[in-house]
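Novice: Listed here are the chains, written in short residue letters.
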Amino acid sequence: MSSRERILGRVRRALADVPRDDTPYDRAVPRDYLREHGERSTEETVALLAENLADYRAVVHRCADAELPELLARLLAGRGSRSVLVPPGLPPHWLAAVDATRVPDRAGSTPHELDRVDSVITGCAVAIAETGTIVLDGGPDQGRRRITLIPDHHICVVRVPGQVVSSVPRALRRLDPARPLTWISGPSATSDIELDRVEGVHGPRTLEVVLVD
Amino acid sequence: MSGTYLGMPAFPQAARDAVRDRRLRGNLRHATHTIRAKRAKAVTEVSDWAELREAGRRIKDHTLRHLDRYLVQVEEAVTAAGGTVHWAADADEANRIVTALVKETGESEVVKVKSMATQEIGLNEALEAEGIRAYETDLAELIVQLGKDRPSHILVPAIHRNRGEIRDIFRAEMSEWGRPAPEGLTDTPAELAEAARLHLREKFLRAKVGVSGANFVVAETGTLVVVESEGNGRMCLTLPETLISVVGIEKIVPTWRDLEVFLQTLPRSSTAERMNPYTSMWTGTTDEDGPRTFHLVLLDNGRTDTLADEVGRQALRCIRCSACLNVCPVYERAGGHAYGSVYPGPIGAILSPQLRGTGSDIDASLPYASSLCGACYEVCPVAIDIPEVLVHLRERVVQGGPATRRGNKVLLKPARGHAAERAAMRAAQWAFAHPGLLRTGQRLASRTRRFHPRTLPGPGRAWTGSRDLPAVPAEPFRDWWQRTRGGEDGAE
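If you're matching them up, the sequences are chains B and U in order. Per this note's numbering, residue 110 is the first one in the first sequence, and the count goes up by one each step. Per this note's numbering, residue 26 is the first one in the second sequence, and the count goes up by one each step.
Hints were generated in silico from the structure; no laboratory data involved. Any given hint could turn out to be false.
[As the list claims (entries may be wrong)] To give a feel for the contact side, a few chain U residues facing chain B, derived at Cβ under 10 Å:
(1) 63
(2) 89
(3) 164
(4) 210
(5) 211
(6) 214
(7) 262
(8) 325
(9) 473
(10) 497
(11) 498
(12) 507
As the structure is a computational prediction, the values presented were derived from the model and not from experiment. The C-beta atom is built at its ideal place from N, Cα and C for all residues, glycine as well.
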């Protein structure tokens, strides 16, 4: 007997007490929890996103679309970044004012090569106000998962209010599980020393989020 | 400190040694009190906590009650998405599968995401025996691995170490495993985190094989979810060419939508955050992004035995948040090592004796490692009634009876050393079955109350060493009731 058959057989014997007409999934789970917490205007939702991002030590900026190239150039220059990773579908005008060397996101790049790049700029799939979370889904303006992991500085551009949702339930509805997803809430952190939170471990130690109107 | 749990003393002995360790008690008290207050605040932020908790309980219960169907669904979905599914009935089989998969790649080292399942099966030791080095990359796991120590907490395995001890371990041991600790390393948490970043980075960048567990597996889509903080998870899940995930069969949720419950309750319960810094979700493999080969090892190792117990199976709802450890007065004082398992604290006290059986001294003593105060049940985000299962398991230890071991029905013998408890219970059963004799006995006890000793003689002395014997009233309750009709009328 294969282990597959053995385990499934054990499960079925263990569940001998469960009736054949047991309550089906649709009725077994009450969904009376909230779709989102509290009522907010669109502007208030965006403000909450900014507040919660900042609470977990992301650096938040806000600007109009026309000001974005200037802002991105300033953020890179401010850190002294000489190179920046660029996903294939990043709108070209975002980088119009950037001096740093552009490193394209290529399948052939090794992790060691990516480790020498100073910064990365991406868009996102959705942002969650209640938790201060941005979600990447590997879309053309976000690139492979590793490019937002290895460089020490990540700038993520969120289009507001279009990409902002209030809550986790609303975010899941917008996301496609077939895509590789990365949920990011602030820079990397740890609570492993005396259960106290410290920011900055293996992921980017600086996360800047630009909310673009 | 040895890395094995074989021959662990029973909980009372291990706890007695642990409570004498003043530094350990200080470290645990500080850490658990820090997180307790924060968790309470994080939970108050969401007004529908009770509804989320109930939904989480129901989702897990429903899944467990139809686990055969959902396991097959997971297998189909993961396979369709480009993954390969393996089934492991026990720890040895899981270790053999993973070892063979690593050997196939030709590599002799793997990077690991923190995973309870791989700790439970002793994967690192099994790989080591075959010449494969497993690097733990979670900060707390790294501290445990470098210190040749055992984990003492589900979420923060090095919770028993304070910052000064961590600095000493880093200074002494990092050079044995790779990049040494920076010169002049101090004990500030930020510097310690930086030291771990530098030490592990070279391992991440060259890694070809990653090993992980998973927090959730979504049956309808075949998606795996890993919730983490440091980014070591993302490193292990996306940089290697081969990813092997070892996942207990109870980690399944039926639908994508179900994540909306657990992604709200898990971070708040475990690290008291609105959301943990990083969550990775992947479905099979993705072209030119992340590992090209993905293996899922579905692990039983006592879970189906646990499932066969209608009271005890609720322990399989556990999402490993560790809120019950942080709030437990026994854990706070005894520490995690006394529980003799990778699963310490209240959840460990009901999980270990079910996964491993109650045959050993340590497993037979774990259901007693509790004062039954119920704080664990209060904080549990999937409402596991831990006190109920503890009492149920105590009964099984004392009385024996039917249980399931390795898929077979067995009849357990009553455990040694509980003869007095059994005799007392038999006497009580006999007395309550004879009301006339009970009344006579109670009246006799009332009349002689002035002569009752304050402490018990013989073996009962230990019990009364820290407890008062209950005072016998001047008049038995039933006599008082008959005389006064409950004080309603006729009461003087």
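Novice: For every hint, state whether the structure bears it out.
Specialist: Hints and how they fare:
1. Checking residue 63 of chain U against chain B: minimum C-beta separation of about 8 Å stays under 10 Å; hint holds.
2. For residue 89 of chain U, the interface hint holds, the least distance from its beta-carbon to any beta-carbon of chain B being 8 Å, beneath 10 Å.
3. This hint holds: residue 164 of chain U has a C-beta 4 Å from the nearest C-beta of chain B, less than the 10 Å allowed.
4. Because the closest C-beta pair between residue 210 of chain U and chain B is about 13 Å apart, greater than 10 Å, the hint is violated.
5. With a least beta-carbon distance of about 12 Å to chain B, the hint placing residue 211 of chain U at the interface is violated under the 10 Å criterion.
6. Look at residue 214 of chain U: its Cβ gets to within about 4 Å of chain B, closer than 10 Å, so that hint holds up.
7. Given the 10 Å rule on beta carbons, the hint for residue 262 of chain U holds: about 8 Å separates it from the nearest Cβ of chain B.
8. Because the beta carbon of residue 325 of chain U sits about 5 Å from the nearest beta carbon in chain B, less than 10 Å, this interface hint is met.
9. Hint status for residue 473 of chain U: violated, given a least beta-carbon distance of 49 Å to chain B, over 10 Å.
10. Hint status for residue 497 of chain U: violated, given a least beta-carbon distance of 44 Å to chain B, over 10 Å.
11. At a threshold of 10 Å, the smallest CB-CB gap from residue 498 of chain U to chain B is about 44 Å, leaving the interface hint violated.
12. Interface hint at residue 507 of chain U: violated, since its Cβ lies 44 Å from the closest Cβ of chain B, which is beyond the 10 Å cut-off.
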